[in-house]
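**Student:** Chains A and B are the protein sequences, given in the same order. Here our numbering runs 175 ahead of the position in the first sequence, where the first position is 1. Here our numbering runs 492 ahead of the position in the second sequence, where the first position is 1.
Keep in mind that the hints were calculated from the coordinates and are not lab data. Treat the hints with caution; some may be incorrect.
[What the hints assert, rightly or not] Over the 12 Å line for every Cβ pair with chain A, so calculated as not near, a few chain B residues: (1) Gln498; (2) Leu506; (3) Gly508; (4) Lys509; (5) Thr518; (6) Ser523; (7) Leu525; (8) Thr548; (9) Tyr554; (10) Asp561; (11) Leu602.
[Unchecked claim] Simulated pairs of lysine to any residue, SDA-like, Cα-Cα distance not exceeding 20 Å: (12) B:Lys493 - A:Leu222; (13) B:Lys592 - A:Ser240; (14) B:Lys563 - B:Ser575; (15) B:Lys493 - A:Ser240; (16) B:Lys592 - A:Ser233.
We treat Cβ as the ideally placed atom computed from N, Cα and C, and that holds for glycine.
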Amino acid sequence: SQTIHQWPATLVQPVGSPLSLECTVEGTSNPNLYWYRQAAGRGLQLLFYSVGIGQISSEVPQNLSASRPQDRQFILSSKKLLLSDSGFYLCAWSPGTGGRGAFFGQGTRLTVV
Amino acid sequence: KNQVEQSPQSLIILEGKNCTLQCNYTVSPFSNLRWYKQDTGRGPVSLTIMTFSENTKSNGRYTATLDADTKQSSLHITASQLSDSASYICVVSLNTGFQKLVFGTGTRLLVSP
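With these hints in hand, go ahead and build the complete structure from the sequences.
**Tutor:** Laid out in structure tokens, this is it:
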């Protein structure tokens, strides 16, 4: 069966520090991968998606970047965090074909202080 | 514009009672619709998924309906339990080469003893 791992679960970082959140998927090949952010009391906002290694699409301009160095690895990064980057970040995957919706990781609670 | 709207925004019910959550969407081309349950601070977990040709799908005490003509879906929870307290998110997938997801902002359900 497929599983998705996302870490860390919580993170407190000072303003201006770098960020690296990692997500890996097991049990499937060539998945579509996503990074979402959820602000308090708000819906999920798509940040990045990837349909293959090295292929990254950004949905909104921001202080963040994403990379996909391996087929089942997706990384969310920032060189310098802003206070506004605080939020709940979710990684998700969906089958490359078949269109059955997405499956989510457990999320990372990021607090920038 | 692709949108998913959910109602009510929040709901409080007594333990043991039933409730129905609504989801209206204007998404094209439609692929499928999923209902997710999201506990506070956790990633969303899929409850049901329905394609264009499916009208009803059940998962234990959860029953989802889909009317593709009116572009409406509902999630009915029977004999609610305290553990049902969570956010319920309606997510519609577009039938594109890349499975883009459109999220509702969710319904916050509180089951009171």
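**Student:** Assess, step by step, whether the Cα of Lys592 of chain B is no farther than 20 Å from the Cα of Ser233 of chain A, and give holds or violated.
**Tutor:** holds (12 Å)
**Student:** Check the non-interface label on Lys509 of chain B: least C-beta distance to chain A beyond 12 Å or not.
**Tutor:** holds (25 Å)
**Student:** Was Ser523 of chain B rightly flagged as not at the interface, with every chain A Cβ beyond 12 Å?
**Tutor:** Nearest chain A Cβ is 4 Å from Ser523 of chain B, so the label is violated.
**Student:** Hey, does Thr518 of chain B actually stay past 12 Å from chain A on C-beta?
**Tutor:** The claim stands: Thr518 of chain B keeps its Cβ more than 12 Å from every Cβ of chain A (closest is about 16 Å).
**Student:** Can the restraint linking Lys592 of chain B and Ser240 of chain A be considered satisfied, given a maximum Cα separation of 20 Å?
**Tutor:** Given pair Lys592 of chain B, Ser240 of chain A holds - Cα atoms ~19 Å apart, limit 20 Å.
**Student:** Beyond 12 Å on every Cβ pair: is that true for Leu602 of chain B relative to chain A?
**Tutor:** Non-interface label stands for Leu602 of chain B: nearest chain A Cβ at 14 Å, farther than 12 Å.
**Student:** Would the least Cβ to Cβ distance between Gly508 of chain B and chain A come out above 12 Å?
**Tutor:** holds (28 Å)
**Student:** Test the statement that Leu525 of chain B is away from the interface with chain A: the closest C-beta pair must be farther apart than 12 Å.
**Tutor:** violated (8 Å)
**Student:** Tell me if the straight-line CA distance from Lys493 of chain B to Leu222 of chain A falls inside 20 Å.
**Tutor:** holds (18 Å)
**Student:** Hey, Lys493 of chain B versus Ser240 of chain A, does the alpha-carbon distance stay inside 20 Å?
**Tutor:** violated (26 Å)
**Student:** Beyond 12 Å from chain A, beta-carbon-wise, is Thr548 of chain B?
**Tutor:** It holds; Thr548 of chain B is separated from chain A by about 17 Å at its closest Cβ, greater than 12 Å.
**Student:** So is Gln498 of chain B really clear of chain A, every C-beta pair being over 12 Å apart?
**Tutor:** For Gln498 of chain B, whose nearest Cβ neighbour in chain A is about 9 Å away, the distance does not exceed 12 Å, so it is violated.
In this structure, the earlier hints numbered 1, 6, 7, 14 and 15 are contradicted, and the remaining ones agree with it.
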